[in-house]
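Asker: This is what each chain is made of:
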Amino acid sequence: MASFKPTKIPVYPKLGEKVTQDTLYWKNYKAPVQIKEYGAVSNIDFSPVAPHNFAVTAFSRIHVYGPFSQEPVKTFTRFKDTAYCGRFRSDGQLLVAGCEDSVVRLFDVSGRVALRMFKGHTKAVHVTDFTSDRYQILTGSDDYTCRLWDIPNAAELSTYREHTDYIRCGVTSKLNRDLFITGPYDHTLKVFDARAEKSVMTMDHGQPVESLLLYPSEGLLVSAGGRYVKVWDLLKGGQPLVLLKNHHKTITCLALGSNGERLLSASLDRHVKVYNTTTFKVVHNFDYAAAILSLALAPDDESIVVGMTNSILSIKHRKHTEESKEMMSQQRRRPSYRVFVKGKNFVPKPDDYLVSKPVKEHLAKYDRELKKFNVSKALDASLEIWLRKKKPEITVGVIKELDRRGTLKNALAGRDEEQLSQLLHFVIGNIVDTRFAPIILTAAEMILDIYKSVIGQSALIDQQLLRLQNILESEINLERELLEVLGMLDTMFATSVTRKEVPYSDVGRSNGLAQGEASSSRPELFRPPEIK
Amino acid sequence: MVEQAEIRVVHQGGSNITFREPAISSDSRFLLCASGHNVKVFSTVTEECVQELRGHADLVTGVLLRPSNHLQAYSCSADGTVRLWDFTDGILIKTYVIGYPICSIYASASHDGVIFIATPTKGYKTLDSLQLLAVHLPQTAGQLVETSDLSAVLSDVSANPATVAFGRAGEYVASTNGVQLQIFFFKKQKSFRFSLKENSCSGRSNTFTCVACHPTDDCIATGHEDGKIRLWRNFDQKREYTYRTLHWHHSAVRALCFTPEGSNLLSGGVESVLVQWRYQQESQQDFLPRLGAAITHIAVSPDGALFCTSHSDNKIVLIQSCVKVSSIIQGLVKGEAVQTDLMVDPRSKALVLNGKPGHLQFYSLQRDRLLFNLDVVQQEFIHQEGLDQFQVVMATLDGAGAWLATVEERKQETAEAELNLKLWAFDEPSQSFVLNTTVSTPHEVRITAVTFDPAARGQTSLLVSCGRDGLFKAWRLAVPAHPDDGGPSWTCDFVSAYHGLTPQRCCFSADGSLLAVSFQEVVTVWSPASWELLLTLSQPPGIIRDLCFGRLSCSKFLLGTTSSNQLCCWNLLTCSLEWSTSMEVSLLLADPLSDNMAAFCHQDGNTDLFVFKPSEPRPLFSQKAVCSGRVSRAVFAPREVALESCEESSRWLNRSQLYFLTPLMDLLTFSTRAEEERLMTASKQLVVDDSVAMTPFQLLLGKRRPHHQAAVEDPAVRPPADRPVPPGGSAAVRELLQSPAHVLPAAAALCSVFMEALLGVATETRENETSAGETPSDPEEEEEEEDSDQEMETRATRPERGLLETDSADPVLSRAQVRELRRVRKLDHSWFSSLLDS
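The listed protein sequences derive, respectively, from chains A and B.
Using the working numbering, the first residue of the first sequence is number 1, and each one after it goes up by one.
Using the working numbering, the first residue of the second sequence is number 1001, and each one after it goes up by one.
For reference, chain A alone in the conformation it holds in the complex (with noise of 0.2 Å):
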C-alpha cells in the first residue's frame, strides 16, 4: 500500500534580483532626505574629520551640512559665477573651490570671507585639490592647464600644459605630496610629478574622462569616461585591469565604499551602481529620479548623498542595528529551545529494545480533503485567505490538481455568494500572470459555465464579473501591442542580417546538400548490392 502523494505544488523561479548579503546591506538605508539647492549639484565632498560634514557645490554657492541637518550649517555665497569642486583638506579647516570665473578660492570653514584668492587660470576652473602635504593646491581649468599653487604666498608654483582640452577632473595622491592625476576631455590620463617637468605616465582611456578615483593604496587607478569605467593598474606602468561597462549613459562620477570594498559609479542614467572590487561585478543598483551629476559616501557607509541636474540633493542614512531589533521584538515569540529538544536527544542504551512508532505523515489541510475525495473542501482550504494572499501557487497547485482529477467543475459548483465573490477575487487578480493564466482561464471559463444563471442577482458578483471583463480587455490589448512590437523587431532583425552572413542561411553552406543530390543522382555507377 502506497502513501498518499501530496498535491506537487509547482516552484517556480523567483522573479527580480536575487536577496544577497549585498542586497541587504545596501538596503538598509533609510528613505532619502530630499534638499532642494539653487542649480544642478556639481560636486559633494565630505570633511574628512568627524563629525563629517559635507560640503555640495551647486550653482554659485557653498553648502555645508552636518551629517544630520537638513539646513546648511555653513555656507559660502562670495562667488561671481557658477562654484566648482569644494573640497576639504585632509585637517577639515579649509576649503577650496574652483569658478566659472577662473578665480581660486581658499576658505577657512568657520569662516565666511575667502582667504586666498588664486589667479592666473584664463578660463573656468573645475578642478581643485589640496595635495597631501597641505600647503598646496592643484587646479585643472578649461584652458587646458593645470597648475600647482602655494598656499601660504598664493603664488603659482609651477604649469603644466601637456593636455589638449578642458580638465574636469583630477586627484592627487594621499600618500606623496608631489603625485597628482589628471583626467581631461582629451581621453588621455597623465601622471605628473611636482618634481619633474613632464607628466611621468599617460593612459589613454578612450572617451573624455569625467570622474577619477584612487584606491586607498594607490596601486589601482579608476576612470569613469563616456559610459565606461576602467581600472589601471599604475604600478604595472598603467595597464588596464577590468573594463565595466554597465551604464548607458555617460557616467559622471566615482566613489569608495565600505572601506574600498565596494566601488560606485553614478552616471546620467539615473542610477548609481556597486561594484564588488574583487570581482567587478555590479552587486547593487540604485535608481534616482534625475540625471545624476555628483555622488559621496560618508566614512563607514553612514550615508549616501546624489546630487542631481534638477538641483535635489538626495541623503540617505543608515539605519541602526537598534532600530531594526526593535522590529524583530515585534515579531511573535516562539516557543523556547527547551520545547522543542524535549525528548528528542535521548540517546538509547545499546541493549535497549526499541519499538519504532509509525511516523504520521503531515499532509496539508488541503491534501487532507483531497485525500478523501472532499474536492469543494479542498478548493476552500486552499482559497483560505492567507494562502491565496500570500501563496498563489499553491492555490493554483490545488485547482490544477482538481482538473487533473476531473473533478474541478464540482468544486467550483453550489457555492454561495461570498464564497463564489473570494474566488472571483483570487481569479481576477492571478489571470493575467503568465505563470497561472492557463489553468485559471480554464477555472474561470468553468465558472461562468456554472453561473451564468445567476447573472445579476448581485451586485457584488456583476461588478467582479465586469472587472474581470476589463482586466481581459486590456490584456488583450497589452498583447496585441506586443505582437506588434515583435513584428517591427523582426523586420528591423532581418535587415540588419542580411548584411552579414548567417551561419545557417543556405547560402554559403550547400556544399554537403549539393553533394548529397549529386551523389543521389548517380545510384546505376555506384549502387551497393542490395541486402538480401
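Treat the hints with caution; some may be incorrect.
As the list claims (entries may be wrong) - With a Cα cut of at most 20 Å, we get these calculated EDC-like pairs of lysine to aspartate or glutamate: (1) A:Lys409 / B:Asp1375; (2) A:Lys372 / B:Asp1286; (3) A:Lys5 / B:Asp1375; (4) A:Lys5 / B:Asp1388; (5) A:Lys409 / B:Glu1385; (6) A:Lys371 / B:Glu1409; (7) A:Lys372 / B:Glu1385; (8) B:Lys1613 / B:Asp1595; (9) B:Lys1411 / A:Asp403; (10) A:Lys8 / B:Glu1409; (11) A:Lys8 / B:Asp1286; (12) A:Lys371 / B:Asp1375; (13) A:Lys371 / B:Glu1385; (14) A:Lys409 / B:Glu1416; (15) B:Lys1190 / B:Asp1156; (16) A:Lys371 / B:Asp1286; (17) A:Lys8 / B:Asp1226.
By construction, these hints were calculated from the structure, which means they are not laboratory data.
For chain A, the structure is supplied; the task is to place chain B on it using the hints.
Answerer: Just chain B, lined up with the frame of chain A:
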C-alpha cells in the same frame, strides 16, 4: 542452414503472472500462478520464484489446489490437457488429456475425483460461448491418462473464469453470463435462471462481472458492471428469491471472494481498493486503499490469514489479515504500448522502460526480476477510467548512467498537452535517481526526440531535445551564479531551427563531436562545441525515420532510414552517399560495443532482422520472420562476460545481446548455442538448492551432486562403456554411516535423499549394462534437462527451423522407456527406511 540453427529466438522472461487467479498453498508458504506456458511457484515470504512447473505446450489457463491432497495442484491449459503436479518438488504426476482447449478449471471438495472445466461449445469457433463440463478423472496408474468420461453441467458459460463459483459443500454451482444468473443444483439436477434488466435506473449496465458463493451459508454474491454487489438468497425457488444490493465501488467490481469461514466478503475493482465487507453487517466495511493498480483477482489462503490480490500491472500483492501488505511479487509491467525506448542502465545492467502509469521500471534481465520502479510523475494516481493521466513518453540515460532525462506528457481534449522535461541525477548513497531539474513546457508542442551526448562526462553533460514546434534545444548542466542557490541545474544552452521544418530524430556520434538532426527530408550535422551547422545531407524524397552514427571503425558513416523505404549510408568524410538500399526498416540501432548495426525490416506482416556493418552493404547475419508484426522497440544489452564464439554468423552476439519487444509485448532475445549450453549447466547446479532446507546431509550430498551431473550431463565427453562409477555416492554413504546419530536429522527425513543418492549410482551402473544400440540416458537427467530449459522457444516465429532443435543432438528415448524409468524411480523404497530404523 547450420548458421541459422546456431541462433534462436527465445522468450526472455517477463511473462504475465496475473492472467488467472493465483492459488495459495494450504500452509500459506507458496503461491502458484499461471505464467505463460508454465506455472510458477513463489514463496510468499521471500517473493522468490522457487519452482517453475513446465510441461504445458500452450497458455496455462488455470491453477487450482487439489482438494483431496494439499501438496498437489491441477493446472489446465489451452493445449487440452490438465496436469497434476507435486508443486513443492516440481514433479509432474499425471497428465489428463481432455482433447479440447480448456479455458478454466474448478473443483470442489465434495466432488471427489471430479474436476470441472470450461471448454468452448462444439461448433462454436469463438470463446464467447463456453460450456462447463464435469470430468471424472480415471484412477489409473499411468502417467498419461486419456479421459473420456465427460458430462456437461452447464452451457452458456462466460469466458471470464470469475463468473463460475461452487456453493456450500459443492451442492450447487452458480454461473453468470450477461445479465443472467444460472444456478444448478447437483442433487436435484435442477437449474434456476434469474435475469436482471439490461440497465439499472441510473442508466448503467447491470451486467454481471463476477460471482462468489458463501462457504457455509446459502448466499451468492455477484459483482456488477456498475459497481454494485448483490447478495442473493432463497435462490432455490423460482419466484421468492431475494437479493440485497451493496454499493461502494464506482466502477465495475472485478473480483469477489469470501473468506474461508464466510465472515467477510472481499471485493476489488478499478479503484485499486480492497474492500472487506462484514457478512451480515454489510454497513461495516474495511478498506485497504492505494494498492497501485486495478484489482483483477482476489484469492484467500485456506486458513484465511493471507489474502492475495492480482493487479492489472502484472503484480501480486500479499496482504496479511487485511491490514498489512506483507510482500509484493512484481513481474515486468506491460502496458498497451511501450512509449519510451528500451534502454539498458549502464550501472545495474537493467532494462529500463515505462511501466506503471507515471513510472519507469528497471527490470533485471539476468535475474528476470523487477528491480524497482522510479516514480517520474510524482502525483497521486487516480484510478478512474477515462481520465487523462500523465504518461512517461520518453526517457534517455547518459553514457555513464549518471543522468536520466524523462519527458512526461498529459494529453487533454480541450487544452494543449502539458509537457514536462525532468532530469534526474544518480545519487550514490541511495543508489537511485533523484530529481534535479524540472522544465515545464520545454517545447511548445510535443517532443519528438531527446538524447544525451554519449561521450560527455559529469559536469559537461549535454542533452538535446527536438520538438514539433520546429526547434531543437540543447540543455547543459550549469552551476548557478550564486553559491547559495543550491547545486547545479540544467539550463537551455542553445536553440536552433532549420527552415521551419520539424526535427524528427537526433543522434550523437560516439565521441560526441557531431550531432545529426533530421528535419523531415534533410539531415543536418552540427558541431556541439561551436553550434555551427557543418553540413546538410538531403535524400530522395521521404521523411527520415531513423538516424544512427556508425561506431568504432565505422564512425565515419551516418545511416538513416526514410519513410520511402530507403536505407542510406553517408560517408561524412566525403559528404557523399556511400550506398543505399531499398528496404522497409522499422527500426535501426547500433551496437554500442561493436561496429555492427541491426535493422528490423517489416515485410509481409513479419519482421526480418539484418545485422550488418556500415562499411559494407552485406549482411553479417539475417533472419527472416523473427516475429509477426512490426518491431518498434529493441536494444543491445552489453554482456557481462563476452562470449567467444568463432562462428561467423553468431559473432555479432559476442559482446552484447539483442532484445526486442513484439507488438504483443513479449520480450524476446537471440541466443546462441554456446550460451544455451552454458545456461543449462548453470541452471542444473541450481536445481538442487531450490527451497530445500539445508540439512547436514544436504551439505554432504549437495556438493557432490553437481560434479556428478556435470560428468553425466555431456554425452559427448562421456566415454561410452568404461566410465568409472563416481566414488561420491559411496563416500556420502560412508559419511552418513560414520557420523554420530545424534547430529543427523530424523531417519525418515533422510531416507528419500539417501535413496536418491543410491539410486543415482544404481542407474548409472545399470546404464553401462544396457545395449549399445542407442546411447542411454537416465530419467533423472531427462527431466532435469527439461527443467533447466529456462527459455522457451517461440514456435510460431521460426517456421523453417523445425528440424534443427538443439536437443536433436541428444538421443531421444521413446516415451515407453521414459515411463519405465520413471516407474523404477518411484518404486517404494520404504523397506529401506524400516531397515534403517531397525
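Asker: For a C-alpha distance cap of 20 Å, please report whether Lys8 of chain A and Asp1226 of chain B respect it.
Answerer: violated (32 Å)
Asker: Compare the distance between the alpha carbons of Lys8 of chain A and Glu1409 of chain B with 20 Å, and conclude whether the hinted pair is satisfied.
Answerer: holds (16 Å)
Asker: Does the alpha-carbon distance linking Lys409 of chain A and Glu1385 of chain B stay inside the 20 Å limit?
Answerer: holds (18 Å)
Asker: Hinted pair, alpha-carbon criterion (20 Å max): Lys372 of chain A, Glu1385 of chain B. Please report holds or violated.
Answerer: Given that 20 Å is the threshold and the Cα spacing comes to 19 Å, the pair holds.
Asker: Holds or violated: are the alpha carbons of Lys1190 of chain B and Asp1156 of chain B at most 20 Å from each other?
Answerer: Cα-Cα ~16 Å, so holds.
Asker: For Lys8 of chain A and Asp1286 of chain B, compute the direct alpha-carbon distance and say whether it is at most 20 Å.
Answerer: violated (29 Å)
Asker: Lys409 of chain A and Glu1416 of chain B were given as a pair; does the straight-line alpha-carbon distance stay at or below 20 Å?
Answerer: holds (19 Å)
Asker: What's the verdict on Lys371 of chain A and Glu1385 of chain B, does the C-alpha distance respect the 20 Å limit or exceed it?
Answerer: holds (18 Å)
Asker: Does Asp1375 of chain B sit within 20 Å of Lys409 of chain A, going by the straight-line distance between their CA atoms?
Answerer: violated (28 Å)
Asker: Checking one constraint from the list: CA of Lys5 of chain A to CA of Asp1388 of chain B, max 20 Å. Satisfied?
Answerer: Holds: Lys5 of chain A and Asp1388 of chain B sit about 18 Å apart, inside 20 Å.
Asker: Does Asp1595 of chain B sit within 20 Å of Lys1613 of chain B, going by the straight-line distance between their CA atoms?
Answerer: Answer holds: Lys1613 of chain B to Asp1595 of chain B is near 6 Å, not above 20 Å.
Asker: Hint check: Lys372 of chain A vs Asp1286 of chain B, CA-CA at most 20 Å. Holds or violated?
Answerer: Holds. Lys372 of chain A to Asp1286 of chain B sits at ~15 Å (cutoff 20 Å).
Of the numbered hints listed earlier, those contradicted by the structure are 1, 6, 11 and 17.
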